[in-house]
Every structure is written in C-alpha cells, then in structure tokens.
Amino acid sequence: MCVSITETMWITFSLVTLAWFSTAQAGGDCRNVLSDCLIQQQHGDVPWTMCYEDSIASCTVRGQPIPNFIHRRVNWSEKVEESPTPEHRVYIPASALQRSRGSVPDKETLLVASVINSTFFQLSPNRSKARLFIPPDRPVLGGLVLAVRAGNLPVKNLSQPIKLTFKHNKQVGDGACVFWRESTLNDGTGSWSTEGCDTDDTGAEFICSCNHMSFFAVLVNPVLSVGESDAVNLSYITYIGSALSIFFTVISLILYICLQRRRPEKAIGVHLQLTGALLCLHLTFLLCSFWVWHLNENEEGWVCQGLGLFLHWSLLATFSWAALEGFHLYLLLVRVFNIYVRRYLLKLSMVGWSVPTLVAVVCGISGVYGKYSLRDANNQTSTAQICWMSSQFPQRLLVSFITTVAVPCVLMILCNSCMLGLVVFKLWGLRAGSGGTESSGWKIKREKGIKLLKDCATVLGLSCVLGLPWGLASITYISLPGIYIFTILNSLQGVFMFLWAVALTCKSRSDNNSSTRDPSSQKIMTTSFKN
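If you count by the working numbering, then the sequence shown holds residues 113 to 643, one letter each, in order.
Don't read these hints as lab results, they were simulated from the structure.
Where hints are given, some of them may not hold.
Using C-beta positions, here's what the derived DEER-type ranges look like [claimed, not checked]:
no. : residue 1 : residue 2 : range
1   : T314      : L534      : 42 to 48 Å
2   : R374      : M462      : 22 to 28 Å
3   : P177      : F232      : 17 to 23 Å
Remember, predicted model here, so these are calculated numbers, not experimental data.
Heads up, the beta-carbon is just placed ideally off N, CA and C, and yes, glycines get one too.
Make a model of the complete structure from these sequences and hints.
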C-alpha cells in the first residue's frame, strides 16, 4: 500500500513536471514576448524582430484576451480575415495558409496578427540606396506596424497576395506600403522596403497587397495641417488683401485706359486684360466666401454653384492672361524684328477668355461646383467654407488638380520663369554693353546702385505681372510660414499690378519730358509699350 502511494505520488509529480516543461518549451505568455525579445537584443543575442517572429508562434495567451492581438488556429483550407484593431484588417487567402503549414497533416494552422509601436523599429545608419528602399524621413501612418505570421514556416513569393488594410482619418499625402527588412549586421536595425508590396489608396484607407508575411506599415507624406487660430488669421489676411486688390485693380484699370488712349499699344491692352481677370478673381473670391455664410451646414444652392463656377473661371483666366503676358514678352525680347500679327489683341483675347470658359462650362455640366469645406487636422470640424468645387463630388481632387495645378499653373510658371530668366539675361547684357564712365569713384558707385535698384524693381514687377507668386504654392507643403507668405503675396496681387501700372505711367511721362534713357532697365520697360 505504501509502495502504491509512493508510485502514485511519483507519477503525479512526473506528469506535473512534464506539463510545466512542455509549457515552458511551448513558450511563455504572449504578453511578454516583445519585452523579452527586446532584452535579448540588448544582450546581443539576436535582433528582436527575429526573436519576435519565432517566439510569437509558440507563445500562449493566458487569462484575458490581449488588446490589438490575434492569436488563434484557423482552417488552412479557408480564407481568413481578421482585424486586430478597428484601423487594421488582414485578409489571407487559403493558398497562403496552405503554404504556411508545410507538410504538417494538421487541418489547422496558427494565425498571428499584432500591432506594434513603430518606435521599436530602428533605421540602420548605412541604409541601402537601392531603388526599393524609400526615404526614411517619411513617418509611419499612425505610428503603428502590423505584424502578420501564419504557421511555422516563412511565407514568401505567394501567387495570391495577402491584403492588409490601414484606415486613416487624418489628412495625409501619398503613402507607400512597406515591410521591415533586417540589416545584414544583425544589430537590430533595418530599413523599410516596398519589394513585393503594391499600394492602393482609396482616400479613406491604404490597401497593401504583399506576396509575403512580415512586419508591415504605410509610410506617408503628411499634409501640413492648419490649426483653427491660424485658419482664422489666414482668412482675415485673405479678405483684407483681396479687398485691397479690388480697390487697386480698379485704379489700375483706370490708369491703363488712360495710357491706352494716350498711346494705343498692344502691351497696354494685355496688361488691361490681366488686370481685369485679377479684378474678377478677387471680387468673386469675396463673394464666394461671404455667400457661404448664409447657407446651412448641408445646403449648397444654385447661387453657390454659380459662384463656384465663376471663381474657377476667374482663376483660369488669370492663369491664361499671365501666360499670354509671358508670350507677349517673348515676342518683344526675342523676335524683335518683322513682327506683325493681324488683330493681335483679338486673337489673344480669344485664347485668354475662351479657354477658361470652355473648361468651366464642362466642369459645370459635370456638377463639380458647390460648397467646399476645409477640415481641421483631425478631419472633424470645418475650419473654412467657400463656394468652389463641392466636397461631395467624388472626383473633386482630380478635377481640381488637373484644371488648376497640373496644366495651367505649372505650365504658366515654367514658361514665364524662362521668360523672366531671359529678361535678367537681357538686363545683364545691356548693362555690360553700356560701357564705363569717367566720373569719380563715388559717382560710379552711386550710379551703379541706382541702376541696380531699377533693375531689381523691373524684375520684381515682371515677376508679379507674369504670375510667378503662384509658384510659391509649393512652400505651403513645407511649413506654416510658407502658407502665410503664399497667402499674403497672392492676396495682394492687385496691389502689385497697381504699382506696375504707376511705374509704366511715370515712365511714359518721363519719356515725353526727357530724352535721357537708361540703356538697361529703361529698355526693358520700353518693351511694355511696343507693338
């Protein structure tokens, strides 16, 4: 009897020991895998990502479920879709699960999907410059990395890719699906790579299609957000600047009309048309901004749609006439001989006004115009509203990009920048060919300083006339001061046109009262009065 009790106790102890040993071999609690692997990396044993991939397949979930963590066995003959968080979703086809089980006859295979903070992934200081590695300064979407593991074997080169969905409710730019590639130094660092992953952006989420399983993330270019206080400040700057532009463009039109009557020349006619387009732009902008205040939250109305169409048309007309200013300057400075175009201003007017009209009518027929709401950084509340292209129109971003950025603005800025460079080259040539002087040293410096100021004023004036301040739109993606600079300069375009008109008027009077002319900037200014 005693022997029997002793044997029973020994067998029980052996079974308990064996169960404990089996549990230890199978792995500890899944909650501790990440911290344990980080400790092992600190001791120089193995990179934590490799440790995590090995340990996560053998750990166990004890007690309550782990947040943001999926750890369960699934049928390898059926597709699986899991969501470790509301913002992350994993879809794995049956073929990928079958590859992950290898030759094991079990009908089920282990699936693990977890979300890890991106700060644990340290970029290697000597990152590869291969094409598949993208710049490291792009942040990880949401600061979270999605780890996916199935079975006990590495899964690569899948014929049917797995799909990972990353939702986002913030304003972000373009994104790229990437996975974590370990450094060859095995020091725990690595790089983000796009190899084997395709990206599809639906506007509300990024869908990554990858032919392997690993640590996945989306690297994005964040859109610079504007806070509510800055949005209010920018609105006041825009309203005041547009009001000033309206006032001064009216005065500019009067000056150009007087100049046209005194000396009817084609350049004055071009300036007159551009000033008229600017007047329409700023006037319509204020009307669109103020009218939307009378509308309810979900109300648009045909008046707002009409104002949005007219604002779009005015913007396109401004771009068109700024481009025609550059074309006219090209004819004056490059093809200075034998220039005669019958009904020149009429033909320019047909291009400058008809092309914007055609684009605006087509967009109006498609129903793109309405109330546009600019959202805050969290896309929760509206910081500004205007009658423009409706926020509810599905292809608003595409239409806005093509009609206001890609074609008119970029082409106008590129062509007119070349024209401005040509003007600078002409100024330099004329200044070099003007010869020296026998005056004393201080007179030489004084004359050079005056001429330099005249040349700078000419270049700056032409920059505004050619619409080059619109090119500053690129700095609005860099910093908040860039947004302020762009807003101030473009809202005051009417003021700059007024200063240019005053300069032309003063020059015209000085030409009538004096026979002395400066050989450089004076000659460039004279091109504004040639036919």
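We went through each hint and held it up to the structure:
1. One distance hint, 42 to 48 Å for the beta-carbon pair T314 and L534, holds here, with the actual separation near 45 Å.
2. Separated by about 26 Å at the C-beta atoms, R374 and M462 satisfy the suggested range of 22 to 28 Å.
3. Look at P177 against F232: about 22 Å separates their beta carbons, and that is inside 17 to 23 Å.
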